[in-house]
Amino acid sequence: MPTAATDPSLPTEAQDPSPSEPQAVPPIEPGPRARALLTLHDAALSSTLSALPAPTFLACFPLLSTLAPDALRAVHAQMVDRLREAARADFGAILEERGVLGRLNELEVLIGEARGRRGTGGGEGRGGGECCVSFAMEWSGWGLMGIDGDYGLMLLLCRPHLLPPADLLAAHLGPSLVAAQGRLNAKEQTLESVNAELYEVVKGQWDEIEGLVAGVEGIVRDLESAGGEMSGVERG
Numbered sequence: 001m002p003t004a005a006t007d008p009s010l011p012t013e014a015q016d017p018s019p020s021e022p023q024a025v026p027p028i029e030p031g032p033r034a035r036a037l038l039t040l041h042d043a044a045l046s047s048t049l050s051a052l053p054a055p056t057f058l059a060c061f062p063l064l065s066t067l068a069p070d071a072l073r074a075v076h077a078q079m080v081d082r083l084r085e086a087a088r089a090d091f092g093a094i095l096e097e098r099g100v101l102g103r104l105n106e107l108e109v110l111i112g113e114a115r116g117r118r119g120t121g122g123g124e125g126r127g128g129g130e131c132c133v134s135f136a137m138e139w140s141g142w143g144l145m146g147i148d149g150d151y152g153l154m155l156l157l158c159r160p161h162l163l164p165p166a167d168l169l170a171a172h173l174g175p176s177l178v179a180a181q182g183r184l185n186a187k188e189q190t191l192e193s194v195n196a197e198l199y200e201v202v203k204g205q206w207d208e209i210e211g212l213v214a215g216v217e218g219i220v221r222d223l224e225s226a227g228g229e230m231s232g233v234e235r236g
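Going by the UniProt record's numbering, the first residue of the sequence shown is number 1, and it counts up by one from there.
Calculated directly from the structure, the hints in this document are not laboratory data. Each statement offered as a hint is correct.
Here are the simulated SDA-like cross-link-like pairs (lysine to any residue), alpha carbons at most 25 Å apart as the crow flies:
(1) K187 - G174
(2) K203 - G218
(3) K187 - P175
(4) K203 - V216
Distance ranges between label pairs, derived from CB positions:
(5) A43 - R82: 15 to 21 Å
(6) A68 - R103: 47 to 53 Å
(7) S46 - R73: 15 to 21 Å
(8) A59 - D167: 31 to 37 Å
(9) I94 - L64: 35 to 41 Å
(10) A43 - D167: 18 to 24 Å
(11) A86 - P165: 28 to 34 Å
(12) L110 - L184: 41 to 47 Å
(13) F61 - V178: 45 to 51 Å
(14) L198 - S225: 37 to 43 Å
(15) S47 - P165: 17 to 23 Å
The structure displayed is predicted, hence computed values, not measured ones. Backbone N, C-alpha and C define an ideal beta-carbon position, used for all residues, glycine too.
Sequences and hints are given; from them, build the entire structure.
Below, the structure is given as structure tokens:
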């Protein structure tokens, strides 16, 4: 059977079309604040993993640590490496899902533009073009806040596990205590109004009782005087 010959005058794409593959998104180059965040995560991860050193791990297996200490040390090293890789992978997935690096880079651009406007005097607002840009982000109990103002960049790091117990207790119980205090204040005001109404009612009843007692005492005096007059008449 004769086969169809390809026309050399036509381009290859027209003769044999193939589905176009999606282009891979290039990785985002982290800026200074993004690098600071990654450095912070690495430091926190290293601090967490160092909480279980090899001697402590070996002490959990006294018999094996006596028979094969090198094998246990190797297991400990592998476990630490796998935990480190898993934590970095999860953190990277969170950063990619929420677009943190891109937003941090946008913050860099915004701060750079604000500094340029402040330097050239073209900014509007307070103090002849002064600009203050703030950014706050929380991740796994770590607080990261960048503030760019008249005194440059201030990086505030807060490690909750290093806070004193009083601060942690106040942070956890503060909202509940505020709500409870509000409810107690409302109940106190309600009770005060109810007590004021009861006081007026009791005071009115007391005044009425005093009036009745005074009337009875007057009647008794009248009866006594009448009895005295009657006794005098009988004697006469």
